[in-house]
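*Asks:* Residue numbers (full-length UniProt numbering), protein chains in the order written: chain L, 1 to 322; chain E, 1 to 417.
Calculated directly from the structure, the hints in this document are not laboratory data.
All clues given are correct.
Have a look at the derived ranges for each label pair, beta carbon to beta carbon:
1) L/Leu283 to E/Asn211: 27 to 35 Å
2) L/Phe278 to E/Gly415: 45 to 53 Å
3) E/Gly415 to L/Ala21: 52 to 60 Å
4) E/Gly369 to L/Phe278: 39 to 47 Å
5) L/Ile291 to E/Thr174: 52 to 60 Å
6) L/Ile4 to E/Glu370: 52 to 60 Å
Just some of the chain L residues that point at chain E, by a computed CB distance under 8 Å:
7) Gly27
8) Gly28
9) Ile33
10) Ser36
11) Ser129
12) Thr130
13) Val143
14) Pro145
15) Ser146
Here the structure is a predicted model, which means the values were calculated and not measured.
Yeah, the Cβ is synthetic: ideal placement off N, Cα and C, and Gly gets one too.
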Amino acid sequence: MTKITPSGWAGTIFFVVMILALPSLSGGQWIKIFTSTSCFIIAASGVAFMYARLGMVSLGQVALMGVGGWIMLRMNHAFNLPFEINLAVAGGITMVFGWVLAIPALRMRGLYLALITLMAAGGLEVIFSTYRFPNGGTGFWGVMPSVAAPFRRPAIATSDAAYLRYVMLATFLGFALIEAHRRLAPGRAWAMIRRSEAAALASGVNVIYYKAWAFGLSGFLAGIAGGLLAGGLGLLDAATFRASESIMLFALAVVGGARFWLGAVIAGVLYRVLPALFNDWSLDADLTLVIFGAALLHAIITAPDGLSGQIIGLFSKRKGQS
Amino acid sequence: MNTKLSAGLLAAGVLLAPGIAAASTPSCGANTGEAATGAPILIGGIHGNAAPGDFSSATDAAAAYFSCVNANGGVHGRPIEYMVENDQWNPELAARAAAKLVTDAGVVAMVGNSSFVEMSVNAPLYASSNTMAMAAGCAASECFESSNIVSTNQGPLPSSVGAAMYAVEELGATSVACIGLAIPSVGNWSCGAVEEYMASKGLSGASVLMNPAAPDVNSALLEAIASGADSMLVNLPVGLGIAYFGVAQEQDLGDVYSWTSSTPIYDASVPGALGDYWHGKVYVSAELTQIDGDGPDNLNWQAVMDAYASEDDPRDIFSQSGYLAAKFFVETLMDMDPAQLDDRAAVTDAIKAINGKTSDLVCGPYYVGEADRHMPNHAGIIVVVKDGGFEKVRDCFEYEGACFDGLIEAEKALGLR
Numbered sequence: 001m002t003k004i005t006p007s008g009w010a011g012t013i014f015f016v017v018m019i020l021a022l023p024s025l026s027g028g029q030w031i032k033i034f035t036s037t038s039c040f041i042i043a044a045s046g047v048a049f050m051y052a053r054l055g056m057v058s059l060g061q062v063a064l065m066g067v068g069g070w071i072m073l074r075m076n077h078a079f080n081l082p083f084e085i086n087l088a089v090a091g092g093i094t095m096v097f098g099w100v101l102a103i104p105a106l107r108m109r110g111l112y113l114a115l116i117t118l119m120a121a122g123g124l125e126v127i128f129s130t131y132r133f134p135n136g137g138t139g140f141w142g143v144m145p146s147v148a149a150p151f152r153r154p155a156i157a158t159s160d161a162a163y164l165r166y167v168m169l170a171t172f173l174g175f176a177l178i179e180a181h182r183r184l185a186p187g188r189a190w191a192m193i194r195r196s197e198a199a200a201l202a203s204g205v206n207v208i209y210y211k212a213w214a215f216g217l218s219g220f221l222a223g224i225a226g227g228l229l230a231g232g233l234g235l236l237d238a239a240t241f242r243a244s245e246s247i248m249l250f251a252l253a254v255v256g257g258a259r260f261w262l263g264a265v266i267a268g269v270l271y272r273v274l275p276a277l278f279n280d281w282s283l284d285a286d287l288t289l290v291i292f293g294a295a296l297l298h299a300i301i302t303a304p305d306g307l308s309g310q311i312i313g314l315f316s317k318r319k320g321q322s
Numbered sequence: 001m002n003t004k005l006s007a008g009l010l011a012a013g014v015l016l017a018p019g020i021a022a023a024s025t026p027s028c029g030a031n032t033g034e035a036a037t038g039a040p041i042l043i044g045g046i047h048g049n050a051a052p053g054d055f056s057s058a059t060d061a062a063a064a065y066f067s068c069v070n071a072n073g074g075v076h077g078r079p080i081e082y083m084v085e086n087d088q089w090n091p092e093l094a095a096r097a098a099a100k101l102v103t104d105a106g107v108v109a110m111v112g113n114s115s116f117v118e119m120s121v122n123a124p125l126y127a128s129s130n131t132m133a134m135a136a137g138c139a140a141s142e143c144f145e146s147s148n149i150v151s152t153n154q155g156p157l158p159s160s161v162g163a164a165m166y167a168v169e170e171l172g173a174t175s176v177a178c179i180g181l182a183i184p185s186v187g188n189w190s191c192g193a194v195e196e197y198m199a200s201k202g203l204s205g206a207s208v209l210m211n212p213a214a215p216d217v218n219s220a221l222l223e224a225i226a227s228g229a230d231s232m233l234v235n236l237p238v239g240l241g242i243a244y245f246g247v248a249q250e251q252d253l254g255d256v257y258s259w260t261s262s263t264p265i266y267d268a269s270v271p272g273a274l275g276d277y278w279h280g281k282v283y284v285s286a287e288l289t290q291i292d293g294d295g296p297d298n299l300n301w302q303a304v305m306d307a308y309a310s311e312d313d314p315r316d317i318f319s320q321s322g323y324l325a326a327k328f329f330v331e332t333l334m335d336m337d338p339a340q341l342d343d344r345a346a347v348t349d350a351i352k353a354i355n356g357k358t359s360d361l362v363c364g365p366y367y368v369g370e371a372d373r374h375m376p377n378h379a380g381i382i383v384v385v386k387d388g389g390f391e392k393v394r395d396c397f398e399y400e401g402a403c404f405d406g407l408i409e410a411e412k413a414l415g416l417r
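Chain E extracted, bound-state conformation (with noise of 0.2 Å):
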């Protein structure tokens, strides 16, 4: 990592190191102690929870995030009142979500955003009306491909990458069969990147696309066998990518290939889901750092879940992702001239404005700017499904290919090379 990264790393542990202390305490906005009062400031938010997945965990977090906010001097001793809907994986839906938000209701800004549709659907609706949107849970290239949407996650694409990396360096890999869904901006857009990978270091990648509406998972496997890879790069939501590790495991295919996945797999349940026979063999290319991190963000973030969010919303890599977007948010807002916060203008202004901001729930700067292409979050690290857990086994390192060229152009022209 740069060294600048480390700095900053380095600068965020000693400032927060009192937080650590009282990890169990959350620290939000002002930290008064006191409740909010007065108008609140409008905020959206659009998950996608239904069949494939439930993608609510980033605006469950930044909701709590926003709640232990207006438990503690709010923003500028306002409250936020923070709106989310469900675009129900329907584009339609989304389009309604975000009509209902920016246009009718007049939020400022949407944070925690988290969906396969919702942002191609919503980009212009965001760019024509000036909003800006600081999503948690990009899925698809659209999102990463707009001048008003920014993420705190990474995106299926540095994640595979960041897969593949390490199946090559560490786990000898000379062909990685990449198995994702037939979505073209999804598992095309990701496994294509892969293969780029692959092939600029004179190896071979190939792509096994599943039909999304009906993936058949054994299918896929003899596919992938008949590649002729020696490893396999699961890059499927967490549900399939169990099933897929599931026929792997029946086939004891195991010790055959080298395992490794993108982050859907880094949650909580999974090692419980996979069982002792995966154990010590599959390798995740986490977006965030880990999620039982003893640094300040993520202790923070334990804290606040904890105290504002309920029992059974998930503790995983986008809730993590939601928190830290709102964050950001609130810390970009209470920067602002309080006669501006209901000003969207300003408020997009002011986060295009966000530069070099850092966090240990994330290895590299979050950055926005003025850009048609946002993708701060690309290094990650990698973790192994161990002993009923996760065990990190490779720290923060930045993904390789062309794709990432034009954002190290972006970083160095924004100072943070």
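Chain L extracted, bound-state conformation (with noise of 0.2 Å):
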């Protein structure tokens, strides 16, 4: 339980070497663009674990973030609570919605679990762009026809760099917490239930219970990391939530290889860095998404781990050779 594999010390180093220098050597744009990276790495994560853990293709990822990021602004705006007592319960309600989205999705595979949480991201898009995201207004939605009210950030991460920082170090945790899951009795039901649910159903594990956990852990991901994504900004945009957003993670989860934590990382660069290199390189960013169906396209035909999974066997690989 406690051994660190070669993967994690990797992990942990990446992740202590990014906390400690992206901050300080990159400027007040890319700051923000790396602020909004680690929180699309975070959802990754979570989409990435549902489909190499238990095969289950989840596309209303994204729409899970802007549930945890309406919470958060909502709770700020209407609570003096510190962000961190927020970014909970943001976390924790976007749980419980995960766990609503599972109960008609737990006897349901492949396409019809797909298309089932891709019509709730739909459902959630038509709601975000109706009624919008609370910006200290009155009422249940507090929206105001004015500028936003003044977002409250953790008391230790107050400038952007900063933030940047928190927001990396709650990225770790994400990972920890999903490697945690994998090494306890959830990791091995997970598997079990990816080999053969009726196996799994044989051997005492409740297929149920275990499918829900995951969707569970998979929207409290998705429910912090629309909260920290609140944060960056101090607001949210309908448009950042649309179900389209949600098939391309997914997509991206898939070209950077569901079974590693790089995979997640690598997807979070692909859907936040590259558009905004093209944007400073004046290139069209939907060209992007041009390389996006290209990558897509290689995953699916040569690298089934993706290109998480092409680097780690790279290394392995080479030492093999030593």
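Please dock the two separately framed chains into a single complex, following the hints provided.
*Replies:* Written as structure tokens, this is what we have:
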């Protein structure tokens, strides 16, 4: 349980270096880009672990981020509570939301499960577009036609650079949470369910319970990601949480490689950093969609473990040769 | 219009009369005819160009004016480097663009900003970094309720109220349906003001708001008809506005209702797109004066665009607005101590000190001042779609409503009334 794998060590070193160096080396624009990237890495880690551990395709992860972000903003403007409590509430309620979403989905598999989550994402998109995100107004929806009320960031991370460090630390903890689950009873149950639901059932594994657990964990990570994203700007926009974005994030999780932490990092970087680079180079950011499509084809045809699988395979091969 | 304004316009006309005669030769900045040299003065600008629309005409016009200034001696001999970013209607991109310009590049001011989302996102940054944004295409309420943003355009609220006033006073409307987008700080805000205006006159108004993500003009038309209105006020971006008129034409409703619109319809391409059916029927509340006007600033705007902008750049009201923001900004810099041109705080102070600038492009004086709310442009004209173009049917008039009371008090305090 406590043994740290080489991949775990690599991940820990990677995050320590990034947390220490990235905010210091980046300008204001790139700090914002990396903050957003980190948030989407958390969300991608949730959708990737569901796919890798249970073979379940969730096409509603970004929409669930929107739920987390909505709750975070509503809590911030309604109560004078610390950031961390608001974030925990956002994660917790989104986890419950994930469970509710899981109820009809648990009897489905493959394409049908994906369609249900996609429809839920479409429904949330309509709600977000119609009612918008709280900005300090009164009433349940909390929207006012004025400049958004101030957003309270964590006391230890009020500046953009410090907030990036905070979000990257949260990302690392998100990966640690997934790894802890993988090593405990849920991980063993998920492994059996992935091989055969019938066999898992025969072995006494409560399939519904552990599938719902996975949905809840993925929802929790999405809620935390959405809450942290809300803290980046202090406001959110419905366009960020379109159903198509959930499909894109899942596709990039496959491109990055769902089995490894590096895959979620690659997914987040492709999702947020590559379009930003294209914008910086005065190229149309929509061109990245062409690249994503080609990368997805590459992953499906030649790299079932995604780019991260290829990278890790490369290192393993070199180690074997030496 | 008040006496001060009329006098200002007259004075501007007299002073700039030579410019009318030489309208094809642009006049910019020091007007020396020699290119500026030395270290550039860094200025930023952000526009939104993606679905649902291209708002880049304001920054295009500002860029053209700055190019003209650079070719004519610059500002105290120094050129302006105008860095423009596109927020693509995305708040995250808007925040990054502002961080790139304000935090990383260190621009001394923002000029010509034109977007639905940028101002809402970046107003706190502009305030905290003591950066002034002389915007030109404000479309959301947040833009007008910030200490560090001031715009040359009016935004949808004054423009819609102006259209409603004309519908009531000239077209005999007793019940107006305002058709807008369900964006709280845009459609709800501006159509809500129309409802308040109608109520203040003892008349009725209704808001018909479409989902911006999936606007359905047919449903909106049916909802507007069901509201019992006798007048339709189209308060939509130009593309959607044309679509709305299209479905109304299919129902042959052109003579059943009186028709007014807020500014976005005031685009040279619209009369052709609407067709003969609507000629003489659609009255548009214009935020600035006529795009084919013969005032000195309007002629100079056309000359600057012809000489320094691309042929494809729109010549619309937001282009006029961008030009005017850039012109007022350059005039402000020219009056500053040359040693302070790179000092953001000094530039901000100079912009906030702007008071009573006039132009034939706007009906009232332009001012900034220290305030939490800025909306200097709240008077306009009415034009009607006619003979493949637009014809002015009402000259400058001030809009009514409680939302303008605070502005009028501020103008009195600044000695503008």
